[in-house]
Amino acid sequence: MPLLFLLLFYFFPLISILRESFARAGTDFTAPFRTIFNSSGFRKVLGFTFYQATLSTLLTLCIGLPAAYLVARYRFRGKKLLMSLTAIPFVLPTVVVAAAFNALLGPSGWINYALMTIFDLSSPPIRVINSMGAILLAHIFYNTTIVLRMVGDYWSHIDPRVSQAAYTLGANKWQTLREVVLPLLTPSISAAALLVFIFNFTSFGVILILGGPRFATIEVEIYNQTIGLFNLPIAATLSVIQLLCTLGFTILYTQISRRVTRPLNLRPVKYTQKHLTTWKSRIFAGLIVTFLSILFIAPIFALAVRSFISFTPIRQGRTSSEITVTTAYYRELAINRRDSLFFVPPINAISVSLGYAAITVLLAIALGLPAAWYLARGTNRTISNILDPLIMLPLGTSAVTLGLGFIIALGKPPLNLRASPLLIPLAHTLVAFPFVVRSLVPSIQSIKPRIRQAAVVLGASPLDVFRRVDLPLVGRALIVAATFAFTISMGEFGATALIARPEYPTLPLMIYRLISQPGSLNYGQAMALSTILMLITTLGMLTIERFRIAEIGEF
Amino acid sequence: MNGLRLESITKYYDQTPAVLNVSFEVSIGDILALLGPSGCGKSTLLSIIAGLEKPGSGSITWNEQKQDDIPTHKRGFGLMFQDYALFPHLNVYQNIAFGLHFSKNNDLDGNRRINEVLELVGMMDFKDRDVNTLSGGEQQRVALARSLAPQPKLLMLDEPLGALDRSLRERLVLDINRILRKTKQTAIYVTHDQEEAFAIADRIVLLNSGEIIQIGPPQEIYQQPNSVLAARFLGMSNIVSGEAVKQGGESKIKTNIGEFHIVQDIQGPVDLLIRSDIMSINLESDYTITGNIVERSFQGSSWKYVVDVQGEQMVFNIQAGGNVPKVGETVKIPYDPQDDLVVFPKSS
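Chains as they are written, first to last, in my numbering: chain A, 3 to 557; chain B, 457 to 804.
Because the hints were derived from the structure by calculation, they are not lab data.
Every residue gets a Cβ at the ideal spot worked out from N, C-alpha and C, and that includes glycine.
One thing to keep in mind: the hints can contain errors.
Under the rule of at most 25 angstroms between Cα atoms (straight-line distance), these lysine-lysine pairs were calculated in the BS3-like manner [claimed, not checked]:
no., chain 1, residue 1, chain 2, residue 2
1, B, LYS530, A, LYS175
2, B, LYS510, A, LYS175
3, B, LYS708, B, LYS788
4, B, LYS609, A, LYS175
5, A, LYS81, A, LYS282
6, A, LYS282, A, LYS175
7, A, LYS282, A, LYS82
8, B, LYS510, A, LYS282
9, B, LYS640, B, LYS522
10, B, LYS702, B, LYS802
11, B, LYS510, B, LYS609
12, B, LYS788, B, LYS710
13, A, LYS276, B, LYS510
14, B, LYS638, B, LYS609
15, B, LYS640, B, LYS530
16, A, LYS81, A, LYS276
17, B, LYS609, B, LYS522
18, B, LYS708, B, LYS640
19, B, LYS530, A, LYS282
20, A, LYS276, A, LYS450
21, A, LYS175, B, LYS522
Calculated from the model, a selection of chain A residues having no Cβ within reach of chain B, i.e. all distances over 10 angstroms [to be verified]:
no., residue
22, TYR71
23, GLN166
24, ALA167
25, ALA168
26, TYR169
27, LEU171
28, ASN174
29, VAL182
30, LEU186
31, VAL242
32, SER448
33, ARG470
34, GLN519
35, MET543
Pair ranges (Cβ atoms, derived) [unchecked claim]:
no., chain 1, residue 1, chain 2, residue 2, range
36, B, GLY592, A, LYS82, 30 to 38 angstroms
37, A, LYS81, B, GLY592, 28 to 36 angstroms
38, A, GLN275, B, ASP524, 24 to 32 angstroms
Same shape as in the complex, but just chain B:
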């Protein structure tokens, strides 16, 4: 296949595994997001792909060619670092020119290419600025331009927005998406923020403690997290244990907080995820959850409710506007067994 392939990459530091048996592929032109909490091995994985660190075992291929013995500077993989690692002794223009200077890609007309990428990231007016005087967002753009300039076969971005504040992040993630798509850049985007990953990726690799939990397109991962761990990492917290049983042709899950109707044909001990994105409340429905409102906070387009359901605290997002219940009230929250419940059989 064309593109990047990782086969069973493993790396230990001292005795603890940083990356454990990781395999995945990235096709040419695709953007893959590596999503996981900090310390899960994302950055180590990038260093290994870039050739800055050697894997303990496993191999990396590009277009079916082994990369393991090729030094970093000959791999042609770009890497944009977490806090950019701009060269402080060079100005904006010289920083971007650096990679072109060493690039084997001789078709590139240096000066034109630099102007092109400066234009792309919207930093044309900053050409001659000292990089030490740039703001965080500006540095981020220069770093992106610098790594794009030599047209790397693969561009890796390590938490490119991690150091920036929220509003800037939301804008820049769209910018990066647009820039990468426009240049059809094959890319790996590392982040701990699921919204960023959802916004940018064709496929997501969920990583925890150095191991892959799940791989798939964003929508699939969101709708069908394959484990409690995956669900929790995606910010879904309404999870209860229970027992799936069949009663009169209907499948049900009995839990401490009541019974839930499910569509799956399952029996035995399970974990049950109840989605929190329920659009409206107190509608007439065959299936409802009843509880007392403990806490609510306004989120702008929605309200976030903490509801006590027979001793379990559950979180629900409810559309703003209309009749909004207050703390202390009892509410009936409808659910759809098809869309709002995810069942994970417990492995024995």
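In isolation and in its complexed conformation, chain A is listed as follows:
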């Protein structure tokens, strides 16, 4: 069953993309690529994709590496809190992050409001939204944690005496950093950097919402070609390029991360970390902690508060605007205004999303449980060895590509699901599938055959064994898996943006629509919906943390 599912809803769409891309090329396989590379517009898109991903990665490293040094080498009060703060980005869907940065830095965001009030300006002085700055900032927000955790963890186990040995051999601080510390960290830094690069490379929501019309990456261009121009062959070729790139990076990543585990005298953190004793180290720690706190908290705080605040617009003769606390944005969500978009009350998006999420949970568990069971228990090693990487594959495929594949493959006979309400949950299931399987496998493995044999010997029927032994033991993992599926479905944007029907927008889609429309009411409602979505996903992640047994591993 799970194999059939992957075959039908993963490989079939991907192959359809390939067919679509090469359909008109005849025997010349390079033709579709030549079309792309010969067009200066597309060359710009490709160039920009690499450019923004590289720049974002470098900036993320600039912030992540000092922070990694801090958490690797020092013990201090509030470190645990800081580490949980850095988990925030994992929780938030891209639309929420985009909305949050908008609430902080956008034309009607807090910082511009403050500046306009203080300096008595008539227009917002900071124009970050729809600029490169906003994209970079959001990428830094998302990925600093990856550098911090991957490099920080590795660094914390490197014996500081290796550096001290270098000092006693006559190397100064800078030479030691260059000749000893960096070479030792290189594998972990390059693994982290490459992962960050892959994420930036396939970034979609952030660029679409924060970048505005001026910026397009391959992902955004696929979306534009599909939704705006309905030029499926071009979109398909772009997808193929995207797939090839991510495939290449992923292979490189697995190569590098294998090297991270090479033998080193790794030492327990007890010996490698010290307290902040010198003033220099205290100032350094203070700067980093303050910066990270602002980076992680400020946007969220700005978003949540902004959803309850209305700025009265500046009128003639009155330069300062007024702040009023209001629940109007939340109340408006339920009202279907005649002039509102699509004539559906925004609140409907919540029930649409909840409905899709519920189906996704059912589908993901129904398909994930047998797959996980087989991986954990299966006696046929070869099938397991093939199945394992297959299940992880959708992770490496961009959401927009999946969406495009669905449009091409499932929009016509033999499999016409275009109008089916199952289409979106199917896409979400595909995205959630790896997470579901990964959370289930360890707990199924933990049920020793002995325990079940003991139950049978005590007189339990196979059904009893399942009900009284298996289910209680796998129960916690099932909750985790289901919550993963639910949270992912609630926040999914890339694939949904391509395949959702306008009359049934999901929560992230509705936020995107509202935020891209003018008007303070639309803006306020976007803030309100984002806050609701943020609460839902946060609750989801807290549930996962609460019920998780073992580490789920690295994705």
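Please build the complex by placing chain B on the supplied structure of chain A, with the hints as guidance.
Showing chain B alone in chain A's frame:
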């Protein structure tokens, strides 16, 4: 004076002293052993001398020049770490070349010097090996070669044999001794093992809880430990309390386990150390201790006896061979008041 001098070095961690008012000197070409139980502040002291940590107070001079404000990499003091801290990303040759690369000593011909020290530690054939594949003893030799290569003014070795097994340790301590003497290397050798310290040092500094108990050449420290603490740390456990009195021109110590004749002119409360290295037993002697054998174990060249002397358990090493008494027998153990007894007056 030429060489290293520490003046009243003190260092606190939080509120607890790690090093307390430590002063000593090391002359050029000498080897000094810092001997003390683990956690006594030895490693902290080395870090302070190397400049890796700042002392709370006190100062360090080399050839009368203050070192306090000179950063580690400019002091020219080498340090060999407890578990070697080899650079895992470099091979044997590159590890040794590291220090030469940064050395201010331009007279050194890099390649020749590396071969020289490799030869010295007997690791010539391991030149191109990955250090992660070396055994403990091999790593130890590479670490020694690495710290010797730039010809440091002073070489500090922090428990260099601590991680190795006993037989290897006994061999390597002689090797290190030979290598350091051959190059006339000024050195501080840190260890918790008195045999290692005795084997290698010109002088020993006994350290306990961050404080110096005694300084002196190995023989002197062994023969005249200056306190019960020093004696106990040197592994001497036959210590009893008593009262020194004068009786008819003879000095005696009265203890719970009998009277002992002493040569010192002392009166008042004392602690008495009875040495355990008594070569033979049941000899006729004016001075003997009598007790029952509780336990014995064979040590190779000698037997170790636990003897119950009126309720006190005492340990004696007795030469193997000849007539060896068994558990349960009563023995007379002779002692020499001059050589076998050490008296520590109790400070009131």
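Hints, one by one, checked against the model:
Pair hint LYS530/B plus LYS175/A holds up; C-alpha atoms about 11 angstroms apart against a cutoff of 25 angstroms. For the hint pairing LYS510/B with LYS175/A, the CA-to-CA distance comes to about 16 angstroms; that is within 25 angstroms, so the pair holds. Annotation: proposed proximity of LYS708/B to LYS788/B holds, straight-line Cα distance about 19 angstroms (limit 25 angstroms). A threshold of 25 angstroms between alpha carbons decides the hint, and for LYS609/B with LYS175/A the separation of about 21 angstroms falls inside it, so the pair holds.
At most 25 angstroms may separate the alpha-carbon atoms for a hinted pair to count; LYS81/A and LYS282/A meet this at roughly 18 angstroms. Among the hinted pairs, LYS282/A with LYS175/A is consistent with the structure: their alpha-carbon atoms are about 15 angstroms apart, no more than 25 angstroms. Restraint check for LYS282/A and LYS82/A: satisfied, since their Cα atoms lie roughly 22 angstroms apart, inside the 25 angstroms limit. Of the supplied pair hints, the one linking LYS510/B and LYS282/A holds, its CA atoms being roughly 14 angstroms apart against a limit of 25 angstroms.
Pair hint LYS640/B plus LYS522/B holds up; C-alpha atoms about 23 angstroms apart against a cutoff of 25 angstroms. For the hint pairing LYS702/B with LYS802/B, the CA-to-CA distance comes to about 17 angstroms; that is within 25 angstroms, so the pair holds. About 20 angstroms separates the Cα atoms of LYS510/B and LYS609/B, which keeps this hinted pair within 25 angstroms; it holds. With a C-alpha separation of about 19 angstroms, the suggested pairing of LYS788/B with LYS710/B holds against the 25 angstroms cut-off.
Of the pairs offered as hints, the one joining LYS276/A and LYS510/B holds, with about 15 angstroms between alpha carbons and a cut-off of 25 angstroms not exceeded. The straight-line distance between the Cα atoms of LYS638/B and LYS609/B is roughly 15 angstroms, inside the 25 angstroms bound, and the hint therefore holds. Taking the CA atoms of LYS640/B and LYS530/B, the gap is near 22 angstroms; set against the 25 angstroms cutoff, the hint holds. The suggested pairing of LYS81/A with LYS276/A holds, with an alpha-carbon distance near 13 angstroms, which does not exceed 25 angstroms.
For a cut-off of 25 angstroms, the pair hint linking LYS609/B to LYS522/B stands: about 15 angstroms separates their Cα positions. In summary, the hint linking LYS708/B to LYS640/B is not supported, as the alpha carbons are separated by about 48 angstroms, beyond the 25 angstroms threshold. With a C-alpha separation of about 21 angstroms, the suggested pair LYS530/B and LYS282/A falls inside the 25 angstroms cut-off, and the hint holds. Distance hint between LYS276/A and LYS450/A is unfulfilled; the C-alpha atoms sit about 42 angstroms from each other, more than 25 angstroms.
Pair hint LYS175/A plus LYS522/B holds up; C-alpha atoms about 22 angstroms apart against a cutoff of 25 angstroms. No beta-carbon of chain B is positioned within 10 angstroms of the beta-carbon of TYR71/A; the least distance is around 18 angstroms. A beta-carbon of chain B is positioned within 10 angstroms of the beta-carbon of GLN166/A; the least distance is around 5 angstroms. With a closest Cβ-Cβ approach of about 4 angstroms to chain B, ALA167/A is found to fall inside the 10 angstroms limit, against its non-interface label.
Non-interface call for ALA168/A relative to chain B: violated, since the shortest CB-CB distance, roughly 7 angstroms, does not exceed 10 angstroms. The Cβ of TYR169/A sits about 4 angstroms from the closest Cβ of chain B, inside the 10 angstroms cut-off, so the non-interface label is violated. At roughly 3 angstroms, the least C-beta separation between LEU171/A and chain B is not larger than 10 angstroms, which violates its mark as non-interface. A cut-off of 10 angstroms between C-beta atoms contradicts the statement that ASN174/A is not in contact with chain B; the least separation is 5 angstroms.
Distance to chain B contradicts VAL182/A as a non-interface residue, since its nearest Cβ pair spans about 6 angstroms, not more than 10 angstroms. With a least beta-carbon separation of about 6 angstroms from chain B, LEU186/A fails to lie farther than 10 angstroms from that chain, contradicting its non-interface assignment. The beta carbon of VAL242/A sits about 39 angstroms from the closest Cβ of chain B, which is more than 10 angstroms, so the claim that it is off the interface holds. No beta-carbon of chain B comes within 10 angstroms of the beta-carbon of SER448/A; the shortest separation is about 34 angstroms.
With a minimum CB-CB distance of about 50 angstroms to chain B, ARG470/A clears the 10 angstroms threshold, and the non-interface call stands. For GLN519/A, the shortest C-beta to C-beta distance to chain B comes to about 56 angstroms, beyond the 10 angstroms cut-off, and the non-interface label holds. Non-interface status of MET543/A relative to chain B is upheld: no Cβ of that chain comes within 10 angstroms, the nearest being about 37 angstroms off. Checked against the given bound of 30 to 38 angstroms, the beta carbons of GLY592/B and LYS82/A, roughly 37 angstroms apart, stay inside it.
Checked against the given bound of 28 to 36 angstroms, the beta carbons of LYS81/A and GLY592/B, roughly 35 angstroms apart, stay inside it. Taking 24 to 32 angstroms as the suggested C-beta distance range, the pair GLN275/A and ASP524/B conforms, at roughly 27 angstroms.
Hint compliance for this structure: hints 18, 20, 23, 24, 25, 26, 27, 28, 29, 30 are broken, all remaining hints hold.
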